[in-house]
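Residue numbers (mature numbering (1 follows the signal peptide of the UniProt record, and there is no 0)): -26 to -1, 1 to 170.
Keep in mind the hints are simulated off the structure, nothing from the lab. Keep in mind it's a predicted model, so treat the numbers as computed, not measured. No residue lacks a Cβ here, since even glycine has one placed at the ideal position from N, Cα and C. Among the clues, some could well be false.
Cβ pair distances, simulated, as ranges [claimed, not checked]:
id : residue 1 : residue 2 : range
1  : T94       : G68       : 38 to 48 Å
2  : V50       : T131      : 22 to 32 Å
3  : P3        : Q158      : 19 to 29 Å
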Amino acid sequence: MGGRMRIKTRMGQILIGVLMVTPAFADEPVNGGTVNFTGTVINAPCILAEDSVDMNVPLGQTTVDYLNKNTNSTPVDINIHLTNCALSGAGTDGADITKAHFRFDSSAVQDNDNSVLANTVADGAQGVGVEILTSSGEIITMGSNSTPDVPLQVTSTEQTLTFQGRMVNIATINSGAPDITPGQVATNATYVITYL
């Protein structure tokens, strides 16, 4: 009986010893790293949502035959999201801000028409450009302040402003344009918002 008690006691002591040593391993230094934070404080009535800062708009696929017959592809929505809007009384002399004015610019415009963005893919589709349109289908001219203002909901903190993009047969604006050939299409534009 005494022998059994000694074995149990020693087993208990061994387990306790192992448990007491384990935390020492947890205290070992571990490789660390650095966390960098960046941000910007702006003076504007709304914040441009992260998904609207650097947008990719897939225009999908269309055929050479379709562009030759219809002059442009089916428009795809471009949704620009504004968040944390405080529009009530935020305008000049305490007036409400009710509209947003957009100015689109691009260095990739067609030579003879600032409303068509040129395809920037070196070996891409020929004879094809891209147009940006208002939600009502009006073609937007790059570098112009003539884009219609977009109404805002004064009492809403979230705003979704919709434009559209589509591929276009550039022969409709330039009789000397090359025939349409298949290939990739890519281009870009920037925009600036002014609140009114």
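Comparing the hints with the structure gives:
| no. | hint | verdict |
| --- | --- | --- |
| 1 | T94 to G68: 38 to 48 Å | 45 Å, holds |
| 2 | V50 to T131: 22 to 32 Å | 27 Å, holds |
| 3 | P3 to Q158: 19 to 29 Å | 51 Å, violated |
Of the hints listed earlier, the one the structure fails to meet is number 3.
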